[in-house]
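Chemist: Chains as they are written, first to last, in my numbering: chain R, 1 to 53; chain D, 1 to 685.
Hints listed in this document are in silico derivations from the structure and should not be mistaken for laboratory results. None of the values given here were measured: they were computed from a predicted structure. Glycine residues also receive a C-beta, built at the ideal position from the N, C-alpha and C atoms. Among the hints, a few may not be true.
Calculated pairs, DSS-like style, for lysine-lysine (alpha carbon to alpha carbon, straight line, at most 30 angstroms) [as the list claims (entries may be wrong)]: (1) D/Lys475 <-> R/Lys28; (2) D/Lys168 <-> R/Lys48; (3) R/Lys49 <-> D/Lys475; (4) D/Lys131 <-> R/Lys37; (5) D/Lys263 <-> R/Lys37; (6) D/Lys186 <-> D/Lys476; (7) D/Lys507 <-> R/Lys18; (8) D/Lys168 <-> R/Lys28; (9) R/Lys37 <-> D/Lys383; (10) D/Lys463 <-> R/Lys3; (11) D/Lys476 <-> R/Lys37; (12) D/Lys139 <-> R/Lys52.
According to the in silico footprint, chain R covers these stretches of chain D (three or more CB under 8 angstroms from chain R) [what the hints assert, rightly or not]: (13) 9-21; (14) 331-342; (15) 483-496; (16) 560-569.
Quick list of simulated restraints, FRET-style, between CB atoms [claimed, not checked]: (17) R/Gly38 <-> D/Arg288: 30 to 36 angstroms; (18) D/Val348 <-> R/Lys52: 37 to 43 angstroms; (19) D/Leu400 <-> R/Gly38: 52 to 58 angstroms; (20) R/Gly38 <-> D/Asp227: 24 to 30 angstroms; (21) D/Glu488 <-> R/Lys52: 47 to 53 angstroms; (22) D/Ser684 <-> R/Gly38: 55 to 61 angstroms; (23) R/Lys52 <-> D/Lys386: 56 to 62 angstroms; (24) R/Lys49 <-> D/Lys522: 24 to 30 angstroms; (25) D/Glu215 <-> R/Gly38: 27 to 33 angstroms; (26) R/Lys49 <-> D/Glu88: 51 to 57 angstroms; (27) R/Lys49 <-> D/Arg451: 38 to 44 angstroms; (28) D/Gln393 <-> R/Gly38: 56 to 62 angstroms.
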Amino acid sequence: MGKPPDDIYKDADPQVLKIVQAILNLEKEYLFVTRPKGIAEEIINILKKEIKE
Amino acid sequence: MKLLNIQIRNFRPFYGDQEIEFSDTALKKVTVIHAENHSGKTNFVDAFRWVFYGKIQGEHPDQIVNNLALSEVEDNETVVGSVRVKFEHENNNFELHREVIERKIDVNKSELVRENIKLDMIGSDGRSKEKMNPKTMIKRIMPEVLHQYFFLAGENIQELGQETSREKLQSAIKVLMGLEILDRSKQHLRGKVKSQLRGELASVAGRNEKLIIEEQEKLEANKVSIDKRKDVVMGNRIALIEEKDKIDEKLRIGKNTRDLQVKRDQLVADKNDIERRLKQHKANIMKRFSEDGFLAYINDLISKSNIILEQKREKGVLPASISYQYITDILESEKCICGRELCKGSEVYAAVEKLKDPEAKDEYVDAYNSLGLSAAQLLLVHKNLKNNLIKDQELLSQYLNDIGLIREKLEEVESQFDQKDYEKERDLIENKRKLEADMDKASQDIGRFERDVEEIDRRIQEKKIEHAETAAKTKKNRIAKLRLQRCEKVADFIDELHKSLIHRDRKVLCDRMNEIFQGIVKGREDAFIELNDNFELNVREQLPDGGSKLLSKSGAQMQITCLSFIASVVAIAKENMDSEGFFKRGGLYPLVLDSPFGVMGPNYRKHVACKLPQFAEQIIILVAPQQWDKNVEEGMENYIGKRYVFHHYTPKPSEKITQDINGKKYILSEHIDKRTRTEIKEVSS
């Protein structure tokens, strides 16, 4: 059996957690749209914003 | 969500305009519909499925418009079949209307002209405002995957305990606990996002790196293709299982085959249970080996070390008598007792020289003592490992033996099916065997696909390492690579979280089910529900030796188990509405239940009738007179606000069937030569 959810959060890299939270908020907004367009681009923007050149 | 009213026009067996007002207050939350079997109960549940999601579960799903209504118009004329539901959701009133228009071609044929769906929100001033995207709005109000637990025909209730329902149960938990957000995130991250980021990396990569990326892409495309093929085979397998279940059900209710089939069902359930435990047991053995297995090979080494230490101690060399001279001799010989060279000035030399210092003596004695202690502990663990492995092997043999015995009994049952007594059911039995052979073939294919994917995953991992080693160190490349790595890390995190949450929520649901189950099966504290790791719903009996055994999947307790699952879903949805949590999805939902009492005895029926209204906000229950006895009436009477009957006109030569309700006789079914139909009539209070 894997780790409980709290331990997964506790052990996670803070940057990963920040990106996950932003992605999940986005997915929640589009939850009821069957095939949301442009959501992949928005996720890429989240990643690019977090890891800048 | 509360159902206020349903209007049905020429829908399936319901002819003309029929209407029901639902009782919807907190105290009077139950509407009862009394109806004979085959008079439209399942079709009434289908009216809800159809108006909300366009789905029909009953037979002939394409025949929406009532046959009598079609027979009454001329060729080329059209007839409308429709369902309109008024409901309240989060203090707003809605009116959902779905209709089909069919054109009559001739006496036996009609064609669909069009289908419309419309959702209006009714304001407090009574004005209606049409919602632009009704299907999306409906999904927000009641997620589609949950509707199968709120609009339920009797046969669907028992189906929840079948193997084919595993995925349905899993998706219900996902939706209820809001975990489909994680599913969708994973799909996006591992799909389009990853592919685009990899494209960006390839555009800034060197030639060698590009080749590795291309190979990795090929491997991943191959993996996707295998996964797709696996999904198709899995879908086919589910269809085969469903087909086989239908035949099993026929054999289960057939007078001639009933006993033998029930025996077979129990044997199959027992076999599956032992196979599951065997799988778990093998996993435990593997875990034991990976943690302590090395000890199996060091027994001699530990013994030899102990002898050497003991000899040294007896000679007074170790530990207390370690002498200044002894260390000096070692340093002069320029060779340590472990064989290493001792060059003056080296770290090793300094470490040995330090032992001349009197203060180092205590540290040295401690190290010696702890070495002896560790060796003793290792020997103990080694002994335990040996004992455990013997026990593991015994249990393994017992499981294999039990499976063998059950297989023999199953073969015996199969050979009984081959006897002349079952000549009439020969086709069914043969067909079932063919389906089982196809199912086995599909399972083997799935296993092969899974092994292929494991191999591809291994090769992808190799490519990733190769890629990391050859990556150019340019800034752009580094950033692109970092983004891709982060994308994978985020997807892995979501994957791990998803698995952990779904198993946690499975436990929450299981505890809730057991709470409800115990409230119904009073006096059977030894029985309990299990929603196992594979999301199979079982009912088990606690045994005095601490173990448990699986109870029959066709008994009343299984029916109660499935109802407990539905009641838990409704209760958790209600609790989630009031609680805070990122993932939780909640709401108040009605229950539309057709023949929920199944094979239950009078006592269980009464407890179910008492308990159900305590969990659901609103219940619409359809029952045949055989299921509505004094016990059920007593259990529910305080909650009943409205009653209706289905008056069914049937061409079958049968006696008039009536039911006494509130001291008055109501016709449920009567013979008619033509104009077969069902009409809905309200029972006066």
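Chemist: Does each hint hold? Answer for all of them.
Modeler: Comparing the hints with the structure gives:
no., hint, verdict
1, D/Lys475 <-> R/Lys28, "violated (34 angstroms)"
2, D/Lys168 <-> R/Lys48, "violated (37 angstroms)"
3, R/Lys49 <-> D/Lys475, "holds (16 angstroms)"
4, D/Lys131 <-> R/Lys37, "holds (21 angstroms)"
5, D/Lys263 <-> R/Lys37, "violated (53 angstroms)"
6, D/Lys186 <-> D/Lys476, "holds (26 angstroms)"
7, D/Lys507 <-> R/Lys18, "holds (28 angstroms)"
8, D/Lys168 <-> R/Lys28, "holds (22 angstroms)"
9, R/Lys37 <-> D/Lys383, "violated (62 angstroms)"
10, D/Lys463 <-> R/Lys3, "holds (28 angstroms)"
11, D/Lys476 <-> R/Lys37, "holds (28 angstroms)"
12, D/Lys139 <-> R/Lys52, "violated (38 angstroms)"
13, 9-21, "violated (count 0)"
14, 331-342, "violated (count 0)"
15, 483-496, "holds (count 8)"
16, 560-569, "violated (count 0)"
17, R/Gly38 <-> D/Arg288: 30 to 36 angstroms, "violated (50 angstroms)"
18, D/Val348 <-> R/Lys52: 37 to 43 angstroms, "violated (49 angstroms)"
19, D/Leu400 <-> R/Gly38: 52 to 58 angstroms, "holds (55 angstroms)"
20, R/Gly38 <-> D/Asp227: 24 to 30 angstroms, "holds (25 angstroms)"
21, D/Glu488 <-> R/Lys52: 47 to 53 angstroms, "violated (19 angstroms)"
22, D/Ser684 <-> R/Gly38: 55 to 61 angstroms, "holds (58 angstroms)"
23, R/Lys52 <-> D/Lys386: 56 to 62 angstroms, "holds (58 angstroms)"
24, R/Lys49 <-> D/Lys522: 24 to 30 angstroms, "violated (59 angstroms)"
25, D/Glu215 <-> R/Gly38: 27 to 33 angstroms, "holds (30 angstroms)"
26, R/Lys49 <-> D/Glu88: 51 to 57 angstroms, "violated (42 angstroms)"
27, R/Lys49 <-> D/Arg451: 38 to 44 angstroms, "holds (40 angstroms)"
28, D/Gln393 <-> R/Gly38: 56 to 62 angstroms, "holds (58 angstroms)"
Hints 1, 2, 5, 9, 12, 13, 14, 16, 17, 18, 21, 24 and 26 from the earlier list are contradicted by this structure; the remaining hints agree with it.
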